[in-house]
Every structure is written in C-alpha cells, then in structure tokens.
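Chains as they are written, first to last, in our numbering: chain A, 1 to 209; chain B, 1 to 209.
Rather than coming from a laboratory, the hints here were simulated on the basis of the structure.
Just to be clear, a hint being listed does not mean it is correct.
One copy or two, it doesn't matter: identical chains are merged, so the pair holds either way.
Cross-link-like lysine-lysine pairs, in silico, BS3-like; alpha carbons within 27 angstroms at most [said to hold, decoys possible]:
(1) 99 <-> 53
(2) 53 <-> 37
(3) 3 <-> 53
(4) 150 <-> 198
(5) 3 <-> 37
(6) 53 <-> 150
(7) 37 <-> 99
(8) 53 <-> 119
(9) 3 <-> 178
(10) 37 <-> 146
(11) 146 <-> 99
(12) 178 <-> 37
Keep in mind that this is a model prediction, so the values were computed, not measured.
Number of protein chains: 2
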Amino acid sequence: MSKPSHYGVVLYPGFQLLDVAGPLDCLNLLSLNDDIKLSILSSTLDPVQTLPKSSFSQSMVPTHTFDTAPEDIEVLLVPGGLGAREESNIQPAIDYVRKVYPRLQYLITVCTGSAVVAKAGVLDGVRATSNKAAFEWVRSVRPQVKWEKKARWVVDGNIWTSSGISAGMDVTYAYVGKLYGEEVAQNIADRSEYMRNKDPSFDPFADMY
Amino acid sequence: MSKPSHYGVVLYPGFQLLDVAGPLDCLNLLSLNDDIKLSILSSTLDPVQTLPKSSFSQSMVPTHTFDTAPEDIEVLLVPGGLGAREESNIQPAIDYVRKVYPRLQYLITVCTGSAVVAKAGVLDGVRATSNKAAFEWVRSVRPQVKWEKKARWVVDGNIWTSSGISAGMDVTYAYVGKLYGEEVAQNIADRSEYMRNKDPSFDPFADMY
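Model the full structure from these sequences, guided by the hints.
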C-alpha cells in the first residue's frame, strides 16, 4: 500500500485545539523522517479561533481556503469542537468534505468531527463513532450512520472515526501504524512519551453518559 | 489559595505543538466554567511556526510580544520543541522568563521547555525534569538544576516541570486538580476522554534512553 504524502486538516471557528494538535503532532514527528506535507484549510485565510468571543482562545493559520485547496490532498483530518454545533461555522467544511471525499485515500475524524462529515453524507451506512458526552446529539444529526457508542475508534473502509478529543491521538497512532508500520508509530509515541490505548474496543468513557 | 485567572504561554520558532496544545486544551475546557484569560506571547506578533522551513508545519498567532506582555500574567506555560536547541530561537523567551518569574504565581514547563527556563537561571537548585530522549542535553544546559530523570512531572515550590511532550497534559491536569479541585480536573479529563497518568513517579519512558 502506498504511503500518503499530502495531508489536509479542516479548521472552522470553535474547533477543539487538541482534536487538531493531537493528530498533527504525531504527524509532525513522522514528518521528521517521512516526506509528507500539510495543507491547513478553512473558509478564509484568516486565523481561526478555538473559542471565538472568549478571553481564552487560540488561533491557527490556514494555508489555503476550501476554494483554493490543493487537489492532491490524500488524507483529510476533520476535528470536532463546540463550533460544530452551529451550522454556519461548519457549512463550508461540510461542502468541502462532500466534494473531496471521492478522491481521498483516507478520512480521519476526531470527536464531533464525525458529525461534520456525517452531515456531508459520507458516513451513510458506515460504522462510526464520536465523542461520548455529545453522542446523542451526533446520532440525531445523521441517523443513517451506523453509530457505535462503545469504541475508542472505528475503521470502516477508508474512514477512521474516533471518540472524544484525546482519542484523536490513539486513532492517529493506529493509522500511522497501519500505513507506515507499527514500529514507526510506537517509536513516535515513545518520543512523545504518549501512553497509547491500542485497543479500539477499550472505551472507558462510553458508559459515563 | 486564590485561583489564578491570567495565563500566558510562550511561543518560539520550532515549538512542539502538543507541548502547547495539550495543556491549553485542558485549560480551554476549564475556561468554559472558570473566568480565565490567556495571553499568547512571542518575540513578534507574526504567526509562530512549529517546523519552520518544513512542508509539514503549523502556526499559532501571538496576542502580545514579550515587550508588550500584560504585567498581570500569573501562570506562565513554557513549551519545548526542536527549536529550543537553537539559542537564537529561544533567547527572547529566556530573557522574558528571567524578567517575569519573580512576579509569577506558577511556572509550568513541558518537555525541553525546562531547558528554556533553566537557561533563564530560575531552576538553579530546583528539582526539575524534562524529555527523556533529550535528557542528557538538558542536563548539560544547566547542571546547577537538580535534574530528576525518572518522573512524569516534578513540583518544587511554584515550578511544575514535566517530562516529554504528552506529559504536559498530565502535569496540567495535576495542576488544575491542585488549584481548582480534583473533581474539576477529572471532569475535564473525562470530557476530553483523556486517560490520565496521575502518579508523578510513574515514568515508563525514563529507562528507554
């Protein structure tokens, strides 16, 4: 299987920082030895805030808009976040996911990022998971998805959906293990001093809500 | 003990994204219920890159320069990163830490962020830890520090230093537990679906290098 070289990540107002940074930091370490590149996409080139209107917020800078996104992106990462609850924040991302999914090699979601891609229709009939505290809302967003509550992450075809926020790290390590080799993934986790959950069925948060 | 309300984070070229985002995302969730604010500091207001010159990089946007930083910042977070190996990247951060440490309530470091603050002289005679893969380099940077290799994090006085990259999350949860209450910290970890290491002496990475 060929290793993807071009990654994209979607940002929208109110994205959850760790949904983006957990997966990307694993890939940051991967990039030190593997020739991969990243495009950061949003509706405009303005910095995108994690908590707009809050006095506690951070912003990341897009490299492209959805309209000017490179066409050779092979893997797309879609984060969740409080902003995903408002349609106006995520409509451009939904439209972009609907348009590009057919040409992606892999689609990875974290937390309520699965609700964003579900709204694009690409999860219909697909097994998927999401944040546990938000699960009933996510399920209601698109009942046509085969939602699985008790799962750290779910792989169905080329779509990897993960559970809440921190689960984005485990799904990314699992993805890197599959695509680049388990030894590569574990080496990165060790350098990051990250204690992985390697079992997608181990989900201590599923029964909390 | 009064709860701090103003947090600052230091950015420099080549900071490790997760060193910043792990702690901040815990605080992002804290900020939904606690009235805290964040200032993001760097030498200029330009976006700061995680991997300058790389095709796989992200950037975060400072809110203030070190020269214009608000004087009422009570807690300062200092990340590590590959950029910390080059003096020119971190000299402005070192100077800032040296200047403001006397008026801080708490100083928190992640990974080789402890080398940055050690160079400012504020760790002399203080027990501290750092990234395990980089430990010998960190130790050589400032032998006057009481470096402790086997530790997920170390608290000495008002200085909380943590081990590599992902350890920044555990030290932040421990800090939030101490300052805002353990129930608050665990509630945030559950919402983030993060499996904490709550034992500062449990460090499976210390013996790897």
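At most 27 angstroms between CA atoms: does that hold for residue 3 and residue 178 within a copy, between copies, both, or neither? For residue 3 and residue 178, only the intra-copy Cα distance (10 angstroms) is at most 27 angstroms; the inter-copy one is 44 angstroms.
Is it within a copy, between copies, both, or neither that the alpha carbon of residue 53 lies no farther than 27 angstroms from that of residue 150? neither (34 angstroms within a copy, 41 angstroms between copies)
At 27 angstroms max between alpha carbons, let me know whether residue 37 reaches residue 99 within a copy, between copies, both or neither. within (21 angstroms within a copy, 38 angstroms between copies)
Within, between, both or neither: residue 146, residue 99 at alpha-carbon 27 angstroms: within (22 angstroms within a copy, 56 angstroms between copies)
Quick one: residue 53 to residue 119, C-alpha cut-off 27 angstroms, is that within a copy, between copies, both, or neither? Answer is within: at 26 angstroms inside a copy they meet the 27 angstroms cutoff, but 36 angstroms across does not.
Homo-oligomer pair classification [residue 198, residue 150; C-alpha up to 27 angstroms]: both (15 angstroms within a copy, 24 angstroms between copies)
Intra- versus inter-copy proximity for residue 37 and residue 3 (alpha-carbon distance at most 27 angstroms): Within. Shortest intra-copy distance 12 angstroms satisfies the 27 angstroms Cα cut-off; inter-copy 42 angstroms does not.
I want to check one pair: residue 178 and residue 37. Are their C-alpha atoms no more than 27 angstroms apart within a copy, between two copies, both, or neither? Intra 19 angstroms, inter 40 angstroms, cutoff 27 angstroms: intra-copy only.
Classify it for me, residue 53 with residue 37: is the Cα-Cα distance of at most 27 angstroms met within a copy, between copies, both or neither? Between copies, since 11 angstroms is at most 27 angstroms while 32 angstroms is not.
For residue 99 and residue 53, with the copy left unspecified, which applies at a CA distance of at most 27 angstroms: within, between, both, or neither? So residue 99 and residue 53 fail the 27 angstroms test inside a copy (30 angstroms) and across (31 angstroms) alike.
Pop the pair residue 37 and residue 146 into one bin, within, between, both or neither, using alpha-carbon distances up to 27 angstroms. neither (32 angstroms within a copy, 40 angstroms between copies)
Homomeric proximity label, residue 3 with residue 53: Cα distance no greater than 27 angstroms: between (40 angstroms within a copy, 22 angstroms between copies)
Consistency with the previously given hints fails for numbers 1, 6, 10, ordered from lowest to highest.
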